[in-house]
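Asks: Sequence lines, in order, name chains A and B. Here the first sequence stands for residues 1 to 620, where the numbers follow the working numbering. Here the second sequence stands for residues 1 to 160, where the numbers follow the working numbering.
Derived from the structure by calculation, the hints contain no laboratory data. Here a beta-carbon is modelled for each residue, glycine too, at the ideal position from N, C-alpha and C. You may find that some hints are simply not true.
[Claimed, not checked] Simulated coverage check for chain B against chain A, where a stretch passes if three residues somewhere in it have a Cβ under 8 angstroms from a Cβ of chain A: (1) 15-22; (2) 107-121; (3) 126-138; (4) 149-159.
[To be verified] Once the Cα atoms are required to be at most 30 angstroms apart in a straight line, the calculated DSS-like pairs of lysine-lysine come out as: (5) A:Lys450 <-> B:Lys76; (6) A:Lys148 <-> A:Lys613; (7) A:Lys450 <-> B:Lys82; (8) B:Lys4 <-> A:Lys450; (9) B:Lys82 <-> A:Lys453; (10) B:Lys71 <-> A:Lys450; (11) B:Lys127 <-> A:Lys65; (12) B:Lys127 <-> A:Lys453; (13) B:Lys117 <-> A:Lys450; (14) A:Lys453 <-> B:Lys143; (15) B:Lys117 <-> A:Lys453; (16) A:Lys574 <-> B:Lys117; (17) A:Lys56 <-> B:Lys143; (18) A:Lys453 <-> B:Lys17; (19) A:Lys148 <-> B:Lys82; (20) A:Lys613 <-> B:Lys104; (21) B:Lys17 <-> A:Lys173; (22) B:Lys143 <-> A:Lys65; (23) B:Lys76 <-> A:Lys453; (24) A:Lys450 <-> B:Lys127; (25) A:Lys453 <-> B:Lys46; (26) A:Lys65 <-> B:Lys117; (27) A:Lys56 <-> B:Lys127; (28) A:Lys450 <-> B:Lys17; (29) B:Lys4 <-> A:Lys453; (30) B:Lys71 <-> A:Lys453; (31) B:Lys143 <-> A:Lys450.
Here is how the chains run, residue by residue.
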Amino acid sequence: MSNDHGGLTSTVDHKTAASTNYDAVIVGSGISGAIAAKELCEKGFKVLILEAGPGKDLSLNGYEKYLDNFYTATSKDNNAPFPRNPNAPMPRGTDVDSLRPGEPNSANFLVQNGPLVTDTTYCKVVGGTTMHFESKTPRMLPEDFHMKDRYDVGVNWPIDYKELQPYYRTAEKEMGVSGEVASQNITDTDNYAEGYVFPMHGMPPSYLDQTVGKGLNGMKVDMKGEEHTLQVRPFPQGRNGIPNLEYKAFNDGENFVPEGAVSLHQAEIGERCQGNNNCTPICPVQAKYDARKTLAKALRTGYADLLPQTVASKVVVDDSGKVTEIEYKHYDSMESSEYESGSFKGKIFVLAANAIENARLMLASGLQSSSKLMGKNFMDHPYLLTWGLLPEVAGTMRGTVCTSGISDLRSGEFRKDHAAFAIDIHNDGWGWATGSPYTNLHDIVDHMNKYGKELRHELVNQISTQLLMAVMIELMPDPSNSITVSPDYTDRLGNMRPIVSLSIPDYTLKAVEKARQVTRQIFQRLGAEDHTSYDPLDFGYVSYNGEGYALRGGNHIAGTHIMGDDKATSVVDKYQKSWDHENLYIIGAGSMPSIGTSNTTLTLAALCFMSTKKMLEDLI
Amino acid sequence: MNAKTLETQQFLQLSVKLTAFSEFQLQGTGQLEEYYDAVYQIIGEKNMIQLLTTFDEIQDDTGSDEVAFDKQFRAKVLSDEKLGPITRSIIKLWFVGTWYQLPKSWNDTFGLLENDKTYVISPSAYKEGLLWPTIGSHPMGAKAPGYGTWSAPPEIPAID
Chain A
1 MSNDHGGLTS TVDHKTAAST NYDAVIVGSG ISGAIAAKEL CEKGFKVLIL
51 EAGPGKDLSL NGYEKYLDNF YTATSKDNNA PFPRNPNAPM PRGTDVDSLR
101 PGEPNSANFL VQNGPLVTDT TYCKVVGGTT MHFESKTPRM LPEDFHMKDR
151 YDVGVNWPID YKELQPYYRT AEKEMGVSGE VASQNITDTD NYAEGYVFPM
201 HGMPPSYLDQ TVGKGLNGMK VDMKGEEHTL QVRPFPQGRN GIPNLEYKAF
251 NDGENFVPEG AVSLHQAEIG ERCQGNNNCT PICPVQAKYD ARKTLAKALR
301 TGYADLLPQT VASKVVVDDS GKVTEIEYKH YDSMESSEYE SGSFKGKIFV
351 LAANAIENAR LMLASGLQSS SKLMGKNFMD HPYLLTWGLL PEVAGTMRGT
401 VCTSGISDLR SGEFRKDHAA FAIDIHNDGW GWATGSPYTN LHDIVDHMNK
451 YGKELRHELV NQISTQLLMA VMIELMPDPS NSITVSPDYT DRLGNMRPIV
501 SLSIPDYTLK AVEKARQVTR QIFQRLGAED HTSYDPLDFG YVSYNGEGYA
551 LRGGNHIAGT HIMGDDKATS VVDKYQKSWD HENLYIIGAG SMPSIGTSNT
601 TLTLAALCFM STKKMLEDLI
Chain B
1 MNAKTLETQQ FLQLSVKLTA FSEFQLQGTG QLEEYYDAVY QIIGEKNMIQ
51 LLTTFDEIQD DTGSDEVAFD KQFRAKVLSD EKLGPITRSI IKLWFVGTWY
101 QLPKSWNDTF GLLENDKTYV ISPSAYKEGL LWPTIGSHPM GAKAPGYGTW
151 SAPPEIPAID
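If we strip away everything but chain A, and leave its shape as in the complex, we get:
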């Protein structure tokens, strides 16, 4: 069998791979696996990368097939571009349903044990979840690494911000971050020392951002007796913009060159964002970073074998705990349940399948970690959506999905009492909350009985004035929030499916209440009509202090193989090496002991770069 990956890879079939001794066997072709592969291959080590999902997407044609899937999908959800694959299923937001009390819901891939149902998703295709992520790249704050010491909540990390800082820079280069450092000075600590600039200038703020900023900048908010001043700030993002010439100082004297589309032939696209307003679920021109860009670098060394449609089914260890092999199931067709199995051998093994899938694979292999924390401390950012209509046309539905937001409530003494939060201004309007603009069209045609001119006027009134503020709220590690497995729930290839148990503690619910209050004040200040409402029948409905809210999953899954400096209280060390298995790295956001108020990808990428230094030491 010969795999066509657009000429970007050496071809390998699973039998050949199974009889090869690799330096490293990597499970997962998302950002963690791609970084590990690239760093090892560039030093001449031979790696095998397993991907459970299909892998036609390294060619431009394969990618454009995803785009057509998106155009013709009646539901434009996060996984709309990607085919349903019963051999390596993935969660889909549209599959989610309310829970009947006392009974897990196993109707869809992610078995929901409650009490809160989550619509969090991830992606099983080459490139992993970066294929549909939004690519917002704020760093975590220095204080986020010391939550226990500083605020007496959560846990401390085994590393501090300073130790991770050089790797943040490496990750920002790899992901091609556009941003302005000045906009990121959220705390009084100097987090970006020495005149640092991002590789590219910031994405210009949208007209919507400017409209909101005009009314909002300077607004004072009381946070437990502490006054915070709000302003609309642009976010750094892994998206190609205009290179910053000053970045030379951080790039060995060279100008930064944006990484364009992944393609066999030279393709003149992807070098700069064009404003498709579709970062999630798919950037049509590949101006957004996705892990295939890193993967392509690994494949071009000639030292990487990529094997798609191959599901890691068991991690096998010897008596000393050393991993001897990884068992797999390879399928030729997504349409058939037929598969062949075997095992792969290497000097080191790297699980890079994401926080849910890493824990799922380890637990399915009977490896709970001597700390008993494998799969525990599951985290994700709950999102509270609030939406209103501005008093003027703000040109909603233009720009990247999100260019700016409010980051001033990410830090403060209030974190002793309740969670911090960050607010996104969504350039794509109410879509996430209500299904707009489609729902607006239905309402105007079917209920307001308009057509022609009146219909067009009403579309502008209802859509071009939309403001959706999505509030990302911190969730602390809690061992009772977990991923588990059970032989009762398996997929078509017989692999055990993840079971998620999730509840939201008062620490976070208090922040939900505060976030709703602050967003109400923002709408009041802007003279906007607040249309926010939460249906008690919503799958994400929670009550707190006499009021109800609907929460959404953040797709920032983390914590399930938490890192620490004590084997008894953590699964991996600061290099993401398993305490129990000397040649096993379990990498990704699953290692993060807390998630602060940052989208997790940049931080997990930085952690992966740090881990690869240790991997190289192991191999040399």
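Chain A is fixed; fit chain B onto it per the hints.
Replies: Positioned in the frame of chain A, the structure of chain B alone reads:
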């Protein structure tokens, strides 16, 4: 002009009224024939002829009097049990490229139509949706306006 061309022309005239986009703009989408054919396949010849004939009669009757047209169009088409739901699905088709299945009440009265299901007609139908230019934007994921354009105020086209 052969029969099909004539009917496509009538469908175009109807679509101008439904969308308030000009013939020129609707032709410019390149979607006219695809939509006519799709709707014909879904609702069948008899329903198509009834819709177009009713529209023609109202046009003839009301001439350039827009108020009179609106009154008759609401009375004979939009509030008609059979033609109303079909017309509303045609409006939505033009605006987002998706045919929306007729309501169950329609099926209860007039029977099931084999090809009547909710679907996006084609990738180009999605991209040519009229909703996007209506709000001074572009379909999400297509026809990108270019780097940084989103910083300027939207240009919402005037309706003649």
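Asks: Are the hints correct? Go through all of them and say.
Replies: To see whether the hints hold, each was checked on the structure:
1. Counting residues of the stretch 15-22 of chain B whose CB lies closer than 8 angstroms to any CB of chain A gives 4, which reaches the minimum of 3, so the coverage claim holds.
2. With 3 residues carrying a beta carbon less than 8 angstroms from a beta carbon of chain A, the stretch 107-121 of chain B meets the three-residue requirement, and the given coverage holds.
3. Coverage of a stretch by a chain is defined here by at least three residues with a beta carbon nearer than 8 angstroms to that chain's beta carbons; for the stretch 126-138 of chain B and chain A the count is 9, and the condition holds.
4. Look at the stretch 149-159 of chain B against chain A: 8 of its residues bring a Cβ nearer than 8 angstroms to a Cβ of that chain, three or more, so the hint holds.
5. Distance restraint check for A:Lys450 and B:Lys76: the Cα-Cα separation of roughly 15 angstroms lies within the 30 angstroms cut-off, and the hinted pair is therefore satisfied.
6. Distance check on the hinted pair: A:Lys148 and A:Lys613 sit about 28 angstroms apart at the alpha-carbon level, within 30 angstroms; holds.
7. A C-alpha spacing of about 18 angstroms is found between A:Lys450 and B:Lys82, which places the hinted pair at or below 30 angstroms, so the restraint holds.
8. Of the pairs offered as hints, the one joining B:Lys4 and A:Lys450 holds, with about 29 angstroms between alpha carbons and a cut-off of 30 angstroms not exceeded.
9. For the given pair, B:Lys82 sits about 24 angstroms from A:Lys453 by alpha-carbon distance, which is consistent with the 30 angstroms threshold.
10. At most 30 angstroms may separate the alpha-carbon atoms for a hinted pair to count; B:Lys71 and A:Lys450 meet this at roughly 13 angstroms.
11. At most 30 angstroms may separate the alpha-carbon atoms for a hinted pair to count; B:Lys127 and A:Lys65 meet this at roughly 15 angstroms.
12. With a C-alpha separation of about 21 angstroms, the suggested pairing of B:Lys127 with A:Lys453 holds against the 30 angstroms cut-off.
13. Taking the CA atoms of B:Lys117 and A:Lys450, the gap is about 23 angstroms. The hint holds against a cut of 30 angstroms.
14. Of the pairs offered as hints, the one joining A:Lys453 and B:Lys143 holds, with about 24 angstroms between alpha carbons and a cut-off of 30 angstroms not exceeded.
15. For a cut-off of 30 angstroms, the pair hint linking B:Lys117 to A:Lys453 stands: about 28 angstroms separates their Cα positions.
16. With a C-alpha separation of about 54 angstroms, the suggested pairing of A:Lys574 with B:Lys117 is violated against the 30 angstroms cut-off.
17. Proposed proximity of A:Lys56 and B:Lys143 is supported: the alpha carbons are some 25 angstroms apart, at most 30 angstroms.
18. The hinted pair formed by A:Lys453 and B:Lys17 meets the criterion: a straight-line CA distance of about 9 angstroms does not exceed 30 angstroms.
19. In summary, the hint linking A:Lys148 to B:Lys82 is not supported, as the alpha carbons are separated by about 67 angstroms, beyond the 30 angstroms threshold.
20. Straight-line distance between C-alpha atoms of A:Lys613 and B:Lys104 comes to about 62 angstroms, which puts the hinted pair past the 30 angstroms bound.
21. Between B:Lys17 and A:Lys173 the alpha-carbon distance is near 53 angstroms, which puts this suggested pair outside the 30 angstroms criterion.
22. At roughly 17 angstroms between alpha-carbon atoms, B:Lys143 and A:Lys65 fall within 30 angstroms of each other, so this suggested pair holds.
23. Under the criterion of a C-alpha separation no larger than 30 angstroms, the hint pairing B:Lys76 with A:Lys453 is consistent with the structure, at around 19 angstroms.
24. Proximity of A:Lys450 to B:Lys127 is assessed by CA-CA distance (about 23 angstroms); at most 30 angstroms being required, the pair is judged to hold.
25. A hinted pair counts as satisfied when its Cα atoms are at most 30 angstroms apart, and A:Lys453 with B:Lys46 qualifies at roughly 29 angstroms.
26. Between A:Lys65 and B:Lys117, the direct Cα distance comes to roughly 23 angstroms. Compliance with the 30 angstroms bound is thereby established for this hinted pair.
27. Restraint check for A:Lys56 and B:Lys127: satisfied, since their Cα atoms lie roughly 24 angstroms apart, inside the 30 angstroms limit.
28. Proximity of A:Lys450 to B:Lys17 is assessed by CA-CA distance (about 11 angstroms); at most 30 angstroms being required, the pair is judged to hold.
29. Note on B:Lys4 and A:Lys453: the hinted pairing holds, with a Cα-Cα distance of about 28 angstroms set against a maximum of 30 angstroms.
30. A distance of roughly 15 angstroms separates the Cα atoms of B:Lys71 and A:Lys453; the hinted pair therefore holds under the 30 angstroms criterion.
31. With a C-alpha separation of about 27 angstroms, the suggested pair B:Lys143 and A:Lys450 falls inside the 30 angstroms cut-off, and the hint holds.
Violated hints for the displayed structure, listed by number in ascending order: 16, 19, 20 and 21.
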